[in-house]
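Following the hints, put chain B with the ligand in place on chain A, whose structure we already have.
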Amino acid sequence: MIQALGMKLMQTNQSDWFSWIFFLIFITIMQFYASKLQAQLWINEIRKALAKLEEYTNDATKKFVEEASKYGRSREEVESLFKRIKGFFVIQPVTLDPFGAVKRLEHLLESSRDHLNKFMLEIAPKADEWKRSNLRDQMAGVLALDMIYRIVRHYFILGRRTQNLIYIAQIQMLLPEILRIAKAYWKAGEAFRRGIPIGDSIGPMVALRLMNGAEPREVAEKIVGAEVDIEGRRAFVIKAKGPGSEVGRPGVAIERIVEGREGDVSLIIMIDAAAKLEGEPTAEVVEGIGAAIGDPGPEKLRIEEVATKYRIPLHAIAIKEDPLDAITTMREEIARSVDEVIERVKMAVRSKTLPGDFVLIAGIGNTVGVGNRMGGAS
Amino acid sequence: MSSESNGKKRATTGFYLFWVASMVGIVLISILFFYMGISSLQEGNTTDAILNIVMGVAGMGIAVKVAYDMAKARLAYQEEQQEILTELHCTSCGRKMLRAFREGDFVGRLSDQDKCPKCGAPMLVVSIFAKIPKKAKEKA
Ligand SMILES: [Zn+2]
Chain A
34 MIQALGMKLM
44 QTNQSDWFSW
54 IFFLIFITIM
64 QFYASKLQAQ
74 LWINEIRKAL
84 AKLEEYTNDA
94 TKKFVEEASK
104 YGRSREEVES
114 LFKRIKGFFV
124 IQPVTLDPFG
134 AVKRLEHLLE
144 SSRDHLNKFM
154 LEIAPKADEW
164 KRSNLRDQMA
174 GVLALDMIYR
184 IVRHYFILGR
194 RTQNLIYIAQ
204 IQMLLPEILR
214 IAKAYWKAGE
224 AFRRGIPIGD
234 SIGPMVALRL
244 MNGAEPREVA
254 EKIVGAEVDI
264 EGRRAFVIKA
274 KGPGSEVGRP
284 GVAIERIVEG
294 REGDVSLIIM
304 IDAAAKLEGE
314 PTAEVVEGIG
324 AAIGDPGPEK
334 LRIEEVATKY
344 RIPLHAIAIK
354 EDPLDAITTM
364 REEIARSVDE
374 VIERVKMAVR
384 SKTLPGDFVL
394 IAGIGNTVGV
404 GNRMGGAS
Chain B
8 MSSESNGKKR
18 ATTGFYLFWV
28 ASMVGIVLIS
38 ILFFYMGISS
48 LQEGNTTDAI
58 LNIVMGVAGM
68 GIAVKVAYDM
78 AKARLAYQEE
88 QQEILTELHC
98 TSCGRKMLRA
108 FREGDFVGRL
118 SDQDKCPKCG
128 APMLVVSIFA
138 KIPKKAKEKA
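In order, the protein sequence lines correspond to chains A and B.
Going by our numbering, the letters in the first sequence line up with residues 34 to 411, in that order.
Going by our numbering, the letters in the second sequence line up with residues 8 to 147, in that order.
FYI, nobody ran anything at the bench for these hints, they're computed from the structure.
Just so it is clear, the structure is predicted and the values come from calculations on it, not from any experiment.
Just to be clear, a hint being listed does not mean it is correct.
[To be verified] Residues from chain A that face chain B, not an exhaustive set, calculated with beta carbons under 8 Å:
| id | residue |
| --- | --- |
| 1 | R227 |
| 2 | I229 |
| 3 | L241 |
| 4 | R364 |
Beta carbons: idealized from backbone N, C-alpha and C, even for Gly.
Bound-form chain A, shown alone (with noise of 0.2 Å):
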C-alpha cells in the first residue's frame, strides 16, 4: 500500500504537490504555536469557569439579599450594606512568636464573630435571632464563593496578560475541584436560608437524641445542656443552641462543667462530623481518642488541656462525611446514623465507666435546623 503510495505521488501533477507543500508548512507553524493554542485553550477554559463562578456568586448574592431585605430594612439599604462587608477578612496572629498564639487567635475570632453578629443586626434588625443566625451564615457562603470568585479572576488576568503557562496551568488544573468547592457553598447558601440541617449537624442531631426531652439550660455562649440518665450513669449532654445556624463554645462549655465538679468526670465523648477518604462510605461510624472537633484551634485546646489536667479520658465518634457534605443539606445516610452512633456512645458509656458515674458528653457542629428540646415548642 505504501508503495502504491509513493507511485501515486510521484504520478500526481503540480497542484495536488502544491497541496502537500501546504499540508506540510500548516503541521510545521503548529509545531511552533502549539504552546500558544494550548494556553489559549485553557485560558478560555478559565474563563468558561470564571462565568460560571460569577454566576454562583451573584445568584447567591442576590438571593441573601431578598432573604435579608424581608427583615427591616429595603433592598437598596441591604444592597449598600452587603458591599461594605464584602471582601471581610480575618488576619490570622503571627506564629513567629508562637507564645500566646492560641489566645490572641481565639480573641480574634471572638472579635470577628461579634463583628458580623453587630452587622446582621444592621442588615435585618427585625429578624429574631434564629433567623439572624441562619442569615449570618447564608452571607458567610456568599463571602467565601465571592473571595473563590476573585483568587480565579486574579489568575485568569495574570494568565491571559502574561500568557504565562505556569499561572494558567496552575488554575486550569485545579478548576474542577475549584468548581467543586464553589458548587457547595452555593448550595449551603439554600440550607441556611431555609434552615435546614447541614451534615456538620449530624453531632448536635445526637445530642439532642440522647437529651431525651430533658429541659435544657444554656452552660456557655450559645451552648445548652442537660442531664439525663445512660445505662445508669449521670450524663451531662451538650450541643450549640439552635435551632439557629450556631457552632457555640463547645470548649469554654467542657471547661466550665469539668472545672465545676473539681474534674469529677469519668469521661468525655465527643461527637463530630469528620472528613472521610475518597472511597470511604458516607455515614461510617468510626470511634477514636482525642478532641473530635474541627474548629481553628482555641475549643480544642481548652478541652484538651482540661482532660489532662484532671485525666480524664476523651473519646471520640466520627461520622465519616465528604467536607463538602457537611456544609450543605443533610444527606440521607447521615441522618440514619444516628441510631448507631447512640449504640456506640451506650457501648462507650458501659465500657469505660461504672453506674453512677458523671459522664460529658458533646455533640460537636452546627446546630442549624435542629432545636433543644424534642418536643420543645416552635
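This is chain B with the ligand only, laid out in the frame that chain A set:
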C-alpha cells in the same frame, strides 16, 4: 416544592436543537467522506481513499465525543434535583410519617400542624434530610 430547581438555569430547547442539528450534519458529512473513500479505494485511487477515510472516521469520532459531552451535561442537570424531607413520629402511638420539608421545621419541634393520621395526636420532627435520586447517587 418537592424538587427544588435551586434556581439553576436549564439549557434551552433551542440550544439542544442547534447541537443535535450540527451533530447530524457532522455525521452525514463523515458518512459521505467515508463512502467517497471506499469508492476511490475500489477505483484504485489510494491517496484520496486514505484521506477521505481518515476524514470520515475523525468526523464520526467528533460526533460521538460531542454526543457524550451533551449526555454528561444533561446528567449534571438531573443531579441537581433533590427532595428535602421531614420525618415525623407520633407522640402517642409512635407512627412514622415522611413529608416534604416546610420552612419553620426543625429537629425536635412538636408540630401542631401535623396530626397523627391514626390517633390524631401531635407529631414530633425527628429528622430532616435530603433524599438524593438513585442515579446521582450511583455517580457519586
Ligand atoms: Zn398516633
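| query | Hint by hint, which ones does this structure get wrong, listed from lowest number up? | reply | none
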